[in-house]
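Undergrad: Work out the full structure, taking the sequences as your base and the hints as a guide.
Residues in the sequence shown are numbered from 1 upward in steps of one, following the UniProt record's numbering.
I should point out that these hints are in silico values taken from the structure, not numbers from a laboratory.
A portion of the hints provided could be inaccurate.
To be verified - Under the rule of at most 27 Å between Cα atoms (straight-line distance), these lysine-lysine pairs were calculated in the BS3-like manner: (1) LYS320 <-> LYS287; (2) LYS6 <-> LYS42; (3) LYS219 <-> LYS4; (4) LYS444 <-> LYS418.
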Amino acid sequence: MDGKIKILFVDDDPVIRNLFSKAIGKEPFQVRTASGGEEALKILKAFPADLVISDVVMPGMDGFELLERIRQEFPETFVVMVTGSGAVSDAVNAIKAGAYDYILKPFDFQAVRSLIRNVAGHKEILDKNRFSGHERRKHYRLENFIGRDPRMFRVFQRIKDVAASSANVLITGETGTGKDLAADAVHYNSPRRSGPMVKVNCAALTETLIGSELFGHEKGAFTGALYRKKGHFELARGGTIFLDEIGDIPVQTQISLLRILENGTFQRVGGMQTLTADARFICATHKDLRREVALGRFREDLFYRINVARIAMPSLRERKADIPLLADHFLKKYSAEAGRNIPRISGPAMHLLCRYDWPGNVRELANIMERAVIFCKGPEIFPSDLADVARRAALKSDFSLTLSSSSLPEAEFTLISKVLEETGWNLKQAAERLAIARGTLYSKMKKYGIRKPE
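TA: Given below as structure tokens:
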């Protein structure tokens, strides 16, 4: 999260306020204090706190009334309630009333810091998805999507049809084809567009952490669980949860997901309380899930639950007519970001872009165009600014030629010899063209007995 998280601590006891400020104020947080509910509301008008931590029992306006007022007047502010160890029922009632969590007195400041960081992380997730309804609809209007290939027209129509429904969605396609963009389009054109869009990269989570991230955990559920943490399903309440690369989720977690899809309920890790999920499922994968089911790596019943409405994203090599449109789009985008005036792509350069097969799809094209803008020396993009494309295309062509009639060692020998000759036996250039380390090139030359001619 950018900047320091802003915290307002509310307690009628000046000793406790001073103790809290000294303990937490040393952290990368901005801390203000208030002696009661009325003062807290006045401060919030000038100090837009991300988090309010308030005692329950206070003279005048108590913590519950303050919680209700904050929910009405400052709905984006998280609220954590403070209560004595003998009044756990107050804490439970606070959670039911909309508090993010509760803290018990006397304070365990290590646990308090952990809780604040959890709030900061959750706020960052929500902030990434916080647009006005008008901005959402404008940014994700289907006419803003780039593509004139018939395959993309079918994708646009599919997104439009699916967005209007409440069905679970499975988006398939190779890496880099825009599955996350399609997920955004479904959400921001759906009846749930005013709710959060919470994205989870399943492939980036370890098997031990994925349950905690998705479902949350209770204090003490595992080593390091110093406080209760809300998971992504709670954060997505009223909106959409996007599970990217769902094919990488462990089988045990698949069982918990199936329960949510079937019953709409789940439990935090280490918890007994049954919670209700209110989020639309959008899932994406680059894998063939039917094959994963056949291999026993993905549950068949879960597959059918998520595969209600399917959107198949075509690869860039299947929609080559869109390459000029996309290349021009990325040229304008990255030129503007770099503050440069590069108005066009030369004919030979565009020809090179259109000939390449783009195994990394649109993401790879975007990367190539960004690099071209950075290193371009003239008023337009020339083939020399697309050296990476030329190198990758040449390597692919060389491999295809050699592998078509040779074993792998023979093909490797032929390819290395050919590249060395073409680079005048410049080992640095040859290694770069082969996309291997110079030490690896030395090893392979020794292995195959490749020596520079006398």
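Undergrad: Would the pair LYS219 and LYS4 pass a check requiring their Cα atoms to be no farther apart than 27 Å?
TA: Between LYS219 and LYS4 the Cα gap is close to 25 Å, so the pair holds against 27 Å.
Undergrad: Assess, step by step, whether the Cα of LYS320 is no farther than 27 Å from the Cα of LYS287, and give holds or violated.
TA: This hinted pair holds, its Cα atoms lying about 23 Å apart.
Undergrad: Assess, step by step, whether the Cα of LYS444 is no farther than 27 Å from the Cα of LYS418, and give holds or violated.
TA: holds, 14 Å
Undergrad: Taken at face value, is the distance from the CA of LYS42 to the CA of LYS6 at most 27 Å?
TA: With Cα atoms ~15 Å apart, LYS6 and LYS42 stay inside 27 Å; holds.
Of the hints listed earlier, there is not a single one the structure fails to meet.
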